[in-house]
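Undergrad: Listed below are the residues making up each chain.
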Amino acid sequence: MTGAPVPPPDAPVAGQGDAKGTSPGPTALRPARPRWRETLGLLARNPTAAVASLVLVGIVLMAIFDETLAPQGPSEVSVQDRLQSPSWAHPFGTDDLGRDILSRVILGAGVSLRVGFLAVGIALVIGTLIGLLAGFYGRWVDDVLMRVMDMLFAFPAVLLAIAVLAVRGPGSGNTALAIGIVYIPIFARVTRASVLGVREEVYVRASRSVGASDFRLLTRHVLPNAAPPIIVQTSISLAFAVLAEAALSFLGLGTQPPNPSWGLMLAEGRGFIDIAWWLAFFPGMAIFLTVLCFNLLGDGLRDVLDPRQRTLMAGGGR
Amino acid sequence: MSAPVLEVEDLRVRLRTPRGPADVVNGLSYSVGAGETVAVVGESGSGKSVSVLALLGLLPQGVATVTGRALLQGEDLLTMQPERLRQVRGPGAGMVFQDPMTSLNPVLTIGRQLVEGIRAHTDLDKAAARRRAADLLGEVGLPDPAGTLDRYPHELSGGMRQRVIIAIALSNSPALLIADEATTALDVTVQAQIIDLVEGLQAERGMGVVWITHDLGVVAGIADRVLVMYGGRCVEDGTVDDVLENPSHPYTRGLLGALPDLAQPAVDGVVPDLATVPGVPPAPTDLPKGCVFWPRCPVRGDARCETEQPPLAIIGSSDVALPHRAATWCTESPARAGSTAVSGTFGTGSPGTSGIESPRGRLR
Amino acid sequence: MVVLAGVSVIVFALVHLVPGDPVRLALGTRFNQDAYDTLRERSGLDLPLVQQFFTWLGSAVTGDLGVSFRSGDTVTSLIAERLPATLTLALASILVALLIAIPLGTISALRPRSIIDRFATVISQFGISVPDFWMAIVLILVFAGTLGWLPSGGYVALSEDPLGWLQRLVMPAVVTGTVSGAVITRFVRSSVLEAIGADHVRTAQAKGLPARQVFTWHVLRNALLPLVTVTGVQLAYLLSGVVVVEIVFSWPGLGQLALQSVQARDYPVLQGAILLFAVVFLVINLVVDLLYTAIDPRIRR
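Keeping their order, the protein sequence lines are chains L, Y and X. Numbering of the first sequence is given in UniProt numbering, commencing with residue 1 and proceeding in unit increments. Numbering of the second sequence is given in UniProt numbering, commencing with residue 1 and proceeding in unit increments. Numbering of the third sequence is given in UniProt numbering, commencing with residue 1 and proceeding in unit increments.
Source of the hints: derived by calculation from the structure; they are not laboratory data. Note that beta-carbon positions come from the ideal geometry of N, C-alpha and C, so glycine has one too. Be aware that one or more of the hints could be misleading.
Per label pair, the in silico range of CB-to-CB distance [to be verified]:
1) L:P224 with X:W165: 54 to 62 Å
2) Y:T189 with X:R113: 39 to 47 Å
3) L:L129 with Y:T189: 47 to 55 Å
Excised from the complex, chain L in its bound form:
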């Protein structure tokens, strides 16, 4: 070869190759942590993800201020207003007990989001920890932990959740636990793959060679650099956690009446589908919209943070 630093010959589209030329080279001892400002900036340039995040902020605000926003209480029964179709007084109509559906959809947001965040929180903490240990220590730690994760993964997601709920009894908290357990293996796998990617990087080995403790290595070097796929996975998992909560509540195993959960409202509305479509339609739209926005946000984040697409499609089954 010639001695000139002639990099591999030109890529067909030379202009694009040059675009990446400014990124820090392999000599940088420790890559920068995910830069939030830049991430947000890139995200804002993806119109779909930007709109999705705005809608999500709206939904979260709605869930926080639900009592103020809802025109009526969740259980305000009014017999003379039963099964009214959508109108100015009741934009989403009323149900068989005369309760305002708009109010119940607003109040249901809190339940759905709380269960969703809690479930993903459980999966995130436990799954990431397992994946971190398995990926960092390798050998038998990896074998044992990942084999257990495989077993958990071999269960059909919905059935595993149903089984957990059968053991623990129905209710919001247990629903979150059930969904969380289902998602643990997903986070464990994503984290492990991501950790394997950074474990052998120069900066990790350099820190190790100067005698940094495992704990310090893990928290200061490995985790921050392995984080992007985990962040993407979190957004996507939130989508499916909301969906799963709705499904379990629909089956009567999740949130219990009279609490306003979207899935439960759908189940209740199903019996009136012939005479009052709005009972089931609006809660379904609410689920759809929330799930869609989390997915779109996850997609946008993936484009920005995880161009190699290491994240799994959530839900294993979906």
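With the hints as your guide, set chains Y and X onto chain L.
TA: Here is chains Y and X on its own, set in the frame of chain L:
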């Protein structure tokens, strides 16, 4: 020399990129005769690969705009109907690519990949095409040609795969062979074998060859003529002897200075450093005004360097069939410039004779 | 095998952690202490858990999954009864899914960033996000209610009433197929896109192959690998996880059986069903691996 196999005239390629239009090739002209080898030399990003992919319409559709003329045996490739172009790919021009590890389909057998190419242009039945495929594999020097037909690419080494790719390129006896960095990804010893193979095949078949490379060592070994590309332009061309022995463009001299000079021993016990051409090639979205090389040029001094684009001007005798040309404002006296400014800046001694002998020495 | 053994331990442990006494529940109002003790003894529930586990495992290996507490039928026969409906729905759904995914994914990969691509991306994102049970309800409302074209649910065997079978199959298959199809579409798009960009495609073009041949043998053929994997995952999911859709369409499949057995604390049936799903999952993985070897010569040897 007989009528040229390939005649390229004012070839221009503009690519649409996220950062605006990129002028990757800017007015390239050359011709290749039968039995002749033209080497196109340049760094990454100089547009050399794009310039040949454009000839056969292999650039992504909708992204590239190609203008100019490219006559292959008298027929313009750039204005051809897609179906005619397909017929020309193969029998008209065969192409060998850079990376033998990825240029073969991993899930199809070698035989299949050869046979489909043969059958796309002939009426041979499967058995006959297979026999021809085996003959070709023998011709490119693979042991056990018949057995290799039923093997998959991953079962062969890089050098063997490159031989297969050459066999594919030759399978319809093309008038022109284009080798795009065909030896770059290979070990040095394998490189030499592949080069010998192509030279041998060329002598047998009388093909024209366009050899794209960034390796001047290879150029010295095989080329009849050299074309040095920089920033999508031809900055110097001529016979291999003219260009290598009397490099006139500062960039060419830089490249030659950049060769590790094995023939030249250490001076006073100090091994000379490998010289480099400092800086990086310009982005094709943002070419400098004036001479494309001036931002990196060590000898710029003419006022016109930064403002006016130098034309390709004949250096030395214009009476020969292939005049030596360079596009620079500072070629008046290459010998003197070479011994003073350039050698000082680029570092490794004079780019004179010793600098050229070495690449040949490495190959032969 | 290790995974399967682990799964059976987990299944067993999980099911026995369920609070509530199945025997008491099974006897219902006919409860008296004698009958209770007899039934407990007969079901082996008075034995230590570890012994129960090995008894269950021993017979499970021979295909005997025990007897339902609720109906007294063997678990094997209950599962066998539900199997045709589940298989029918799963296969029909995967068919619908592939019919949606392959053309849509391919077209959008061929014209990346075009209107069609953006449209396909939006559609598949909708399909992934839509709650399947809600879509089921909406379809019932429109096609069974308003238009009255299709029955709102139920199942008849193909041999009994081919037309009725088809009519009842359409909606559930469309619902589950849409969701799976949306997922597969994205995989098809990305794997075709990757295959198109591969170097060997250029080699094929440079040979002068007709475009159709380049596409079939050098793009689609190579994009098949990821497609097989994702289709396998989806099929495993469809064979086990469509509980909610089965409920909405009163489709007598395994998901419904599993849900009923949870509600009735019918241990043996639940154990059997979950074990079956785990086996299905593993078998499908195995089949995917085998298919892989058939498709990709690099994995053979």
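Undergrad: Hints first: check each against the structure and report whether it holds.
TA: Hints versus structure:
At roughly 56 Å, the beta-carbon separation of L:P224 and X:W165 lies within the given 54 to 62 Å, and the hint holds. Checked against the hint of 39 to 47 Å, the pair Y:T189 and X:R113 passes, with Cβ atoms roughly 45 Å apart. For L:L129 paired with Y:T189, a C-beta distance near 51 Å keeps the hint of 47 to 55 Å intact.
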